[in-house]
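A.B. asks: Sequences and hints are given; from them, build the entire structure.
For the protein sequence lines, the chains are A and B, in the order given.
Counting with my numbering, you get residues 1 to 384 for the letters of the first sequence.
Counting with my numbering, you get residues 1001 to 1384 for the letters of the second sequence.
A few of these clues could be false.
Stretch-level coverage of chain B by chain A, calculated; a stretch enters the list once three of its residues show a Cβ under 8 Å from a Cβ in chain A [unchecked claim]: (1) 1005-1018; (2) 1021-1028; (3) 1094-1101; (4) 1212-1218; (5) 1359-1367.
If you want the ones that stay clear, here's a sample from chain B, every Cβ over 10 Å from chain A, calculated [said to hold, decoys possible]: (6) Gly1044; (7) Asp1124; (8) Thr1149.
List of simulated lysine to any residue pairs, SDA-like, C-alpha gap at most 20 Å [stated by the list, open to error]: (9) A:Lys87 to B:Lys1225; (10) A:Lys313 to A:Gly325; (11) A:Lys313 to B:Val1033.
It should be emphasised that the hints constitute simulated quantities derived from the structure, not laboratory data.
The C-beta atom is built at its ideal place from N, Cα and C for all residues, glycine as well.
There are 2 protein chains.
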Amino acid sequence: MRKEYMMTPGPTPVPAEVLLSQARPMFHHRTPVFTELLIAVEEGLKYVFETKNDVLMFSASGTGVMESAVANLLSAGDKVICCSNGKFGDRLVKINEAYGIDVIKLVYEWDQVVNPDDIKRELDANPDIKAVFVVQSETSTGVLSDIKTIGSIVKDYAAVLVVDSITGIGAVECKTDEWNLDVVMTGSQKGLMMPPGLACVSVSDKAWAAVEKSTLPKFYFSWKKSADSLHKSAPTTPFTPPVSLIVGLGEALRLMREEGLENIIRRHAILADAARKGSEAMGLKLFAPAEGRGNAVTPVWVPEGVDGGKLVKLLKEKYGITIAGGQDHLKGKIFRIGHLGYFDKFDIMTTLAGVEMVLSELGYPVTLGMGVQAAEKVFMENAF
Amino acid sequence: MRKEYMMTPGPTPVPAEVLLSQARPMFHHRTPVFTELLIAVEEGLKYVFETKNDVLMFSASGTGVMESAVANLLSAGDKVICCSNGKFGDRLVKINEAYGIDVIKLVYEWDQVVNPDDIKRELDANPDIKAVFVVQSETSTGVLSDIKTIGSIVKDYAAVLVVDSITGIGAVECKTDEWNLDVVMTGSQKGLMMPPGLACVSVSDKAWAAVEKSTLPKFYFSWKKSADSLHKSAPTTPFTPPVSLIVGLGEALRLMREEGLENIIRRHAILADAARKGSEAMGLKLFAPAEGRGNAVTPVWVPEGVDGGKLVKLLKEKYGITIAGGQDHLKGKIFRIGHLGYFDKFDIMTTLAGVEMVLSELGYPVTLGMGVQAAEKVFMENAF
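C.D. replies: Now the structure itself:
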C-alpha cells in the first residue's frame, strides 16, 4: 500500500464530496432541475469572481476559453498588447497570432512580473489598441502580476483588459469589478477544486461593446450565444453542457461559499508562506521575485549539484508525491510545489518532508525536519 | 419515492460503473498512468469507429467538434455541400457560414433522407467543392441517411466527406474505413454511454491532406496539435484533458468491447424495432420514412386531438419518464423515444407503458397494453 499525493498546480486534488457528486445519475439539461443547478452555479461563480458580470461556462480546457476571448473580442488585423512572462503568456501570443491579430509583445524574463508602466506606454503610443492580454498568476512560474494596477491603467483607454486568472481565481485576490477587469478567465481544475473540463469567463459591459464589433469567426465559443441562453427566463446553455462536471462544480462552489472567499484566499496565502519559508529553511532559493509571489504554486530553484529531473522522479517513485518540474527552458532547473484549491496544512508538510528526504538522498546537505519546522511555525502563528 | 427514467437521445443514461469510475481520485495527466489510459481509450475509439485513422478527442460538446471540422479542413471562401434534413444539418450550415464558407445547401424536409444522387450532381457541377457535410442520424428526427452510398460517391472526388455521426456511432453501423468516411464525429453522451463533455473525431489521410491547405484560424481545436501529441512516444494531449471524463470513457469503452460492436448495433436495432412496433400498435404513426429509420431514437407523430406538449409533460410529472418532444417547427407535433446507448428491453417497455397510460388519460382511444404487447413479441422473436 502506498498513498498517492498530487501536489501539482493543475489538475489539483478534488474533494471526495465533489468527485462523488458527479456520480449522480445522468439527467437531461433541458429540465427545471438543470436550470436550478445552472442558476446556483452562476451565482457561485459570480461570488468567486467578485463580479456582477455574467460568467459564461464552456466545456473546454483553459486554452479554449483563452481562444474564446480572442475570437469574441477582435477582428483580423486588430492590434493588441500581450504581456508574456511565462508559458501561458506565450500561449496568449500564439493564439492571437493564429487569428491574424497584430500583437505588440511585452516580453519579460520568466522570473519577472509584468510592468504596468510598459502597458501604459504602449497604450499611449498606440491609441488603436483593442485589447490588453495579461496572465495574473503564471502557472509555469508562480509569478503574480499586479492586475489591480493594470486594471486602473487600462480602464482609461478604449482597450479591453483580458486577464488569464486560470490559477488566480480562488487562490489570490481577483476583484473583477472593483479592479476594472473586463474579461477574467479560469479553468475548473484549479482554485475551483474540480476535475478539468470546464472553463469560465466573465465579460464586462466594455467587453460586450467590443464583442459587437468583432468579426472573427466563432460558433461554439460564441459569448453571445452563451449569454443569450443564460438570460432566458429558464437559463440554459446553447449546446449540451457537461452535466456531470456542472453538478461537481455546484458542489465545489457550495464548499467554497461555506468556507468564504476571504478565508480561502487567506488560507492560500498562509499555505504559500509555509511552502516558501519551508523551502528557504532547507537552504533553497525561491524562483519568483519578492514583488510577485503568488499563492497558487511555489517554484523553487533546484540546488546546484542536484538533478532536477531525478528529484521529481524520486519523490514520485519512492514517496508517491507528484510535484511539477519546470516547463520549457526551466525544465530540470526548478520544481514547483502546488497548493492551489483543495490544500490544507499537512499537504504542505507532506511535500516539504518528501523534498527534504529526497534532497538528502541526492547528496544535498539538508538537516532533516528543518523545512517542516519552518512551516509549522508559520501555521502556529497564523491559525486558519 | 418515484424513480426517474431518462429516455432521451442525449444526454443518455450512464451505467453506474461509468458514473462511479469518474469518482477516481484526480491524477495528473502528464504521467504514465494517464498515458496508459489514453492509449486504451484511443484503441477503444478506433474499435467503435471501425477505423485505423486517429480518433482525436476534445473537451467540448458535439457542436465544438463539428466546428473543428470546418476550421481544420477549410479556408475562407471555400465551397462545400451541406446536406440538411434536420436541426443538426441546419447547424452544419450555420457553422460553415460563420466561417465565411460558400455553402451549397441541399435542403430536405425533416422527414426525408438525404439523397446521394443530389450530392453526386452537385459534385459534378462544382469540381471546386472542398467538402461534403452530412448528418448520418438526425437526433432531431431519428432519420438515418445512407452514408455508405454517399461515401462510395464522394471517394471519387477531391472533396472530403464529413459525417456527423453524433447519434450514429454505437447505435447504427458506421464503418469509417470500409465506407470511405473521411471525417466522422461523435459526442460522449450518446452511443458511448457517457456524460456529455467529450467529443471525438476521426481523420482520414485524404482529410489530413485538406488540413495542410486550410488557413482558417484555429488553436484549441487544432487537429494537428492533437495528433502531434497523440503520436508522441508517450501519447498525450496538447492541453489539459478532462481527466475524469476520460476515465469514464475508458470504462464505457471496456463495457462496449465486452458486449461487442456487432451485438451493440443488433441490440439497438431490436430496441428500435420494438419502439416502432409498439408505437404503431397504439395506432400511432411513425415520423421517419421507411427508408431511413435509425436505431437511436424513434420519433412518433402526436395523434390528432392530443396536445404534444401535455403528453411529454404528463409523462414526466406523473410517471417520471423524460422523453424528448419535437424541435423547432416540430415542437408539440412529434415526440421522440430515445434508445441510444445504455438501453435494454424493459426501458422500451417502460416508455411504451407510460405513453399508453398518458395517451389514455389525454382522451386518445388506446387499448392499454397493446404497445407493450407488440414490443414483447419483438423481443421474444429476437433474443439478445
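A.B. asks: The structure should be examined with respect to each hint, and the outcome stated for every one.
C.D. replies: These are the hints, each one checked on the structure:
no.	hint	result
1	1005-1018	holds (count 8)
2	1021-1028	holds (count 7)
3	1094-1101	holds (count 5)
4	1212-1218	holds (count 3)
5	1359-1367	violated (count 0)
6	Gly1044	holds, 19 Å
7	Asp1124	holds, 29 Å
8	Thr1149	holds, 29 Å
9	A:Lys87 to B:Lys1225	holds, 16 Å
10	A:Lys313 to A:Gly325	holds, 10 Å
11	A:Lys313 to B:Val1033	holds, 14 Å
Hint 5 alone, counting from the list given before, is not met by this structure.
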